[in-house]
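Peer 1: Chains as they are written, first to last, in this note's numbering: chain U, 1 to 110; chain D, 1001 to 1113.
Source of the hints: derived by calculation from the structure; they are not laboratory data.
It cannot be assumed that every hint is accurate.
If you anchor each label on the Cβ, the simulated ranges turn out as follows [claimed, not checked]:
| id | chain 1 | residue 1 | chain 2 | residue 2 | range |
| --- | --- | --- | --- | --- | --- |
| 1 | D | LYS1071 | U | SER17 | 39 to 49 Å |
| 2 | D | ASN1003 | U | THR28 | 26 to 36 Å |
| 3 | D | SER1018 | U | GLY43 | 20 to 30 Å |
| 4 | D | ASN1003 | U | VAL12 | 28 to 38 Å |
| 5 | U | ASP71 | D | SER1018 | 39 to 49 Å |
| 6 | D | GLU1039 | U | GLU59 | 19 to 29 Å |
| 7 | U | PRO69 | D | GLU1039 | 42 to 52 Å |
| 8 | U | SER1 | D | GLU1002 | 45 to 55 Å |
Just a few of them, taken from the derived set where beta-carbon distance is under 7 Å, the chain U residues facing chain D [as the list claims (entries may be wrong)]:
| id | residue |
| --- | --- |
| 9 | LEU44 |
| 10 | LEU46 |
| 11 | TYR49 |
| 12 | GLY52 |
| 13 | GLY98 |
Here the structure is a predicted model, which means the values were calculated and not measured.
Cβ coordinates follow ideal geometry from the N, Cα and C atoms, glycine included.
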Amino acid sequence: SQTIHQWPATLVQPVGSPLSLECTVEGTSNPNLYWYRQAAGRGLQLLFYSVGIGQISSEVPQNLSASRPQDRQFILSSKKLLLSDSGFYLCAWSLGTGYTFGSGTRLTVV
Amino acid sequence: GENVEQHPSTLSVQEGDSAVIKCTYSDSASNYFPWYKQELGKRPQLIIDIRSNVGEKKDQRIAVTLNKTAKHFSLHITETQPEDSAVYFCAAIKNSGNTPLVFGKGTRLSVIA
Chain U
1 SQTIHQWPAT LVQPVGSPLS LECTVEGTSN PNLYWYRQAA GRGLQLLFYS VGIGQISSEV
61 PQNLSASRPQ DRQFILSSKK LLLSDSGFYL CAWSLGTGYT FGSGTRLTVV
Chain D
1001 GENVEQHPST LSVQEGDSAV IKCTYSDSAS NYFPWYKQEL GKRPQLIIDI RSNVGEKKDQ
1061 RIAVTLNKTA KHFSLHITET QPEDSAVYFC AAIKNSGNTP LVFGKGTRLS VIA
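Same shape as in the complex, but just chain U:
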């Protein structure tokens, strides 16, 4: 069966520090992969999605970037975090329609 792993679960980082969040999927090939951010009490903001290795679509211009170095690996990065980057980051995968979300990373930038 398919599983999605996302880590770390929580992260506290100072302003200006770098960020790397990793997401991996098991049990499937060539999934579509997504990064979402959710501010406290708010909706799901799509940040990036990827339909294949090296293919990244950005939905929102910001100081974040994404990479897909392997078929089942999706990485969210930042060179310098801002206070506004705080939030709940969710990775998700799909093979067309329904999404399965990872357990999320709660990022607090201080």
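Please build the complex by placing chain D on the supplied structure of chain U, with the hints as guidance.
Peer 2: Leaving out everything else, chain D in the frame of chain U:
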């Protein structure tokens, strides 16, 4: 592109009553409509979905209805229980496989015991 509007943003019901959450979409080509439930601090989880060739789908206390003409779909929860309290998101997508789901902004449902 697709735009999904969801109402209400908050909803409080007494335990045992029904709850209805409504969504409208703009792209008549959208043909897949999932609903997600997100409990506090947890990931969203798919609870029910419907495709455009069906008008209604039911799973125990949860049902979804779709009106393609009006571009409107709704989530119905009957006999609500405290554990139904959560944020619910509707979404829509064209079944092309490579475009992201478009989510509504969510409805915070509180079931009062």
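Peer 1: Each of the hints needs a verdict: does it hold here or not?
Peer 2: How the hints compare with the structure:
1. D:LYS1071 <-> U:SER17: 39 to 49 Å: Cβ of LYS1071 (chain D) to Cβ of SER17 (chain U): about 45 Å, so the range 39 to 49 Å holds.
2. D:ASN1003 <-> U:THR28: 26 to 36 Å: Roughly 30 Å apart at Cβ, these two residues keep to the hinted range, so it holds.
3. D:SER1018 <-> U:GLY43: 20 to 30 Å: Taking Cβ atoms as reference, SER1018 (chain D) and GLY43 (chain U) lie about 24 Å apart, which means the hint holds.
4. D:ASN1003 <-> U:VAL12: 28 to 38 Å: 36 Å, holds
5. U:ASP71 <-> D:SER1018: 39 to 49 Å: 44 Å, holds
6. D:GLU1039 <-> U:GLU59: 19 to 29 Å: 26 Å, holds
7. U:PRO69 <-> D:GLU1039: 42 to 52 Å: Given a distance of about 33 Å, which is not inside 42 to 52 Å, the answer is violated.
8. U:SER1 <-> D:GLU1002: 45 to 55 Å: Given a distance of about 30 Å, which is not inside 45 to 55 Å, the answer is violated.
9. LEU44: 5 Å, holds
10. LEU46: The hint holds - LEU46 (chain U) has a Cβ within 7 Å of chain D, the shortest such distance being about 6 Å.
11. TYR49: 5 Å, holds
12. GLY52: 9 Å, violated
13. GLY98: 6 Å, holds
Checked against the numbered hints listed earlier, the structure breaks hints 7, 8 and 12; every other hint is satisfied.
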